[in-house]
Amino acid sequence: MDAIFIIEQILNGLGYGLMLFLLAAGLTLVFGIMDTMNLAHGSLYMAGAYIAAQVHQASGSFVGAVLAAIAATVLVSWLLEILIVRRLYPRDHLAQVIATFGIILIADDGVKALWGPSPLLASMPTALAGPVQLLAELPYSAYRLLLLGAGLLVAAGLYLLVNHTRIGMLVRAGASNRAMAELMGVRVDRVFSFVFALGAALAALAGALMGPISAVQIGMGEAILIPALVVIVIGGIGSVRGAFIAALLVGLVDTAGRAFLPPLLRAVLPPALAADLGPALAGIAMYLLMAAVLILKPAGLFPARA
Amino acid sequence: MKRAPGWLARSLPWLLLLSLALFPLLAPSLDLDYYVGFIRHLLIVMMAATSLNFILGYGGMVALGHSGFVGVGAYTVVALVDGGVTSAWGAWLAAVAVAGAFAAVIGAVSLRTRGVYFLMITLAFSQMLHHLAVSLSAYGGDDGYSLHAPLLLGVGLDDAHPHVLYWVVLALAALLFTFSCRLAVSRFGYALRGIRDNETRMAALGYPIYRIKLAAFIGAGAVAGLAGALLASHNKFVSPSVMHWTESATLLVMVVIGGLGRRWGGPAGVALWLTLAEVLKLYTEYWRWPMGLLLVLIVFLAPKGVVSLFEGPRRAG
Numbered sequence: 001m002d003a004i005f006i007i008e009q010i011l012n013g014l015g016y017g018l019m020l021f022l023l024a025a026g027l028t029l030v031f032g033i034m035d036t037m038n039l040a041h042g043s044l045y046m047a048g049a050y051i052a053a054q055v056h057q058a059s060g061s062f063v064g065a066v067l068a069a070i071a072a073t074v075l076v077s078w079l080l081e082i083l084i085v086r087r088l089y090p091r092d093h094l095a096q097v098i099a100t101f102g103i104i105l106i107a108d109d110g111v112k113a114l115w116g117p118s119p120l121l122a123s124m125p126t127a128l129a130g131p132v133q134l135l136a137e138l139p140y141s142a143y144r145l146l147l148l149g150a151g152l153l154v155a156a157g158l159y160l161l162v163n164h165t166r167i168g169m170l171v172r173a174g175a176s177n178r179a180m181a182e183l184m185g186v187r188v189d190r191v192f193s194f195v196f197a198l199g200a201a202l203a204a205l206a207g208a209l210m211g212p213i214s215a216v217q218i219g220m221g222e223a224i225l226i227p228a229l230v231v232i233v234i235g236g237i238g239s240v241r242g243a244f245i246a247a248l249l250v251g252l253v254d255t256a257g258r259a260f261l262p263p264l265l266r267a268v269l270p271p272a273l274a275a276d277l278g279p280a281l282a283g284i285a286m287y288l289l290m291a292a293v294l295i296l297k298p299a300g301l302f303p304a305r306a
Numbered sequence: 001m002k003r004a005p006g007w008l009a010r011s012l013p014w015l016l017l018l019s020l021a022l023f024p025l026l027a028p029s030l031d032l033d034y035y036v037g038f039i040r041h042l043l044i045v046m047m048a049a050t051s052l053n054f055i056l057g058y059g060g061m062v063a064l065g066h067s068g069f070v071g072v073g074a075y076t077v078v079a080l081v082d083g084g085v086t087s088a089w090g091a092w093l094a095a096v097a098v099a100g101a102f103a104a105v106i107g108a109v110s111l112r113t114r115g116v117y118f119l120m121i122t123l124a125f126s127q128m129l130h131h132l133a134v135s136l137s138a139y140g141g142d143d144g145y146s147l148h149a150p151l152l153l154g155v156g157l158d159d160a161h162p163h164v165l166y167w168v169v170l171a172l173a174a175l176l177f178t179f180s181c182r183l184a185v186s187r188f189g190y191a192l193r194g195i196r197d198n199e200t201r202m203a204a205l206g207y208p209i210y211r212i213k214l215a216a217f218i219g220a221g222a223v224a225g226l227a228g229a230l231l232a233s234h235n236k237f238v239s240p241s242v243m244h245w246t247e248s249a250t251l252l253v254m255v256v257i258g259g260l261g262r263r264w265g266g267p268a269g270v271a272l273w274l275t276l277a278e279v280l281k282l283y284t285e286y287w288r289w290p291m292g293l294l295l296v297l298i299v300f301l302a303p304k305g306v307v308s309l310f311e312g313p314r315r316a317g
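Heads up: the sequence lines are chains A and B, in that order. Using my numbering, the first residue of the first sequence is number 1, and each one after it goes up by one. Using my numbering, the first residue of the second sequence is number 1, and each one after it goes up by one.
Since the hints were made in silico from the structure, they are not lab data. Mixed in with the good hints there might be a few duds.
[As the list claims (entries may be wrong)] If the Cβ cut is set under 10 Å, some of the chain B residues that face chain A in the computed set are:
| no. | residue |
| --- | --- |
| 1 | L32 |
| 2 | V36 |
| 3 | G37 |
| 4 | F38 |
| 5 | Y117 |
| 6 | A249 |
| 7 | L293 |
| 8 | I298 |
| 9 | F300 |
[What the hints assert, rightly or not] A few chain A residues facing chain B, derived, Cβ under 10 Å:
| no. | residue |
| --- | --- |
| 10 | E81 |
| 11 | R87 |
| 12 | R91 |
| 13 | V97 |
| 14 | E222 |
| 15 | I226 |
| 16 | L229 |
| 17 | D276 |
| 18 | L277 |
| 19 | M286 |
| 20 | Y287 |
C-beta atoms are modelled at their ideal positions from N, C-alpha and C, and glycine is treated no differently.
Generate the whole structure from the sequences, applying the supplied hints.
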């Protein structure tokens, strides 16, 4: 294990963390403002990945594919919000879990009907397929650099939107105390519709960007939903800043665990045991992180509720 | 006013038990042999669902990690069979104990949180167990483990009839169901419901809130472990997918569509959900979306579960 390998893994971890942040930002606002648990958020991520892969293959334009994925997913989410999610606000978490789990089942079959059961091959844009020489001895995938850049750009944009615009102020007011915001004359339900669509756009962006470096397949939404939920719990439900820090933490811990733990364990333990223990510890690292945070700060790192 | 149930309502559970007990004898002549295994599977899942219904419906604990305990039970059986144990009863008992022990540790930590944090932390623990099972290469890792050596029931039961496991499962399911019904109307059950409805008041009345909830959680975990052990005997195969989080969600779904905190909620939900899946799979490979639609409809149209539709004006017990 040398310095180059470590830097490379840290960059990978940051990239994964930023993509998690795109998912978690929408999830945490939906949860924070309307107290609504939306398990189907992962399905929007899946939709983004599939549409982007399809459009990219058909048109050859990656930027066009990402934009099409975002537009189509926002449209789907708008229907979803009007038809189902809006009616779930006044219900308890359990009803929300059940209904949005139902949406997952419908979405998985819908994707299967449209694209078939086998995974889709999403290709990188040809201009970014090669490596970039970051340092003299550190070649790094140009596409992963794009991921980092896009993630940071969106995070900065979201920061400006939430903290320095009027709609952002309404969003924060809704997340910190919905009843009070409503009494002050804020149409919190409209703010929420906006936030839900924004969350869908971010999820679709994450799916479109992650497609070429992960598997575009049915069930990808369920797989990434759990880390995203872990992120919003660590960050504090309703806090975008918390989600950002927690997403980077989770991304780093998860990637570092997978990359560094097995070789470290091999150095101190018998090989057979290390081969079993390494992946197990790497897999549970982020859950241990969440448990540790919840023990120290039961409402997460940056609780949004007043 | 609450009417006493008629003779039909009182004898219905016994009729159900009788027909379930006779089913394997009649199945060959009706050409329904396949469904003996199907119902055996239903009965096992019903045990897990009933245990979840107990902590969720009566205790108000929204746990999204119950399949973790099912997996612990199943993997205990795997470990024992791999180590050369052949007694089914011994392996199942060990599974109950190990799952109970896991539930004690997980419950002790999780029950200090509430609401959505409880949901998340139980989910996190079951994900940890899932990752642990995936990395156990001695037991097949991700590919799972086939139980080649059969577990023996002993006392001449094993060769008595090909469906003897079915009757054992039926007897255990019936016993557990009766026990959970009794427990629900015991002092303990009422205390648990009181805590669900008003924790502060129950604390003021001097009930040890945390200990009662933990006891219920451990009991439910142990029963889920038994279900996992029986599932291992039923399938003769165990893989980490039994603890995937969607399995926990499916258990939750079955309890809610059946009827949360209702005596027949667990069994009704399991029977409805798994039978529907089985029937839909006969006709189409797209069997998930109608089930998803059913979930959305039930949340909006029958939020108290399908059992409540048959209750009429009577209040649920």
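Hint by hint, here is what the structure shows:
no. : hint : result
1   : L32  : violated (28 Å)
2   : V36  : violated (28 Å)
3   : G37  : violated (25 Å)
4   : F38  : violated (21 Å)
5   : Y117 : holds (6 Å)
6   : A249 : holds (5 Å)
7   : L293 : holds (6 Å)
8   : I298 : holds (7 Å)
9   : F300 : holds (7 Å)
10  : E81  : violated (14 Å)
11  : R87  : holds (7 Å)
12  : R91  : holds (7 Å)
13  : V97  : holds (7 Å)
14  : E222 : holds (6 Å)
15  : I226 : holds (6 Å)
16  : L229 : holds (6 Å)
17  : D276 : holds (5 Å)
18  : L277 : holds (7 Å)
19  : M286 : holds (9 Å)
20  : Y287 : holds (4 Å)
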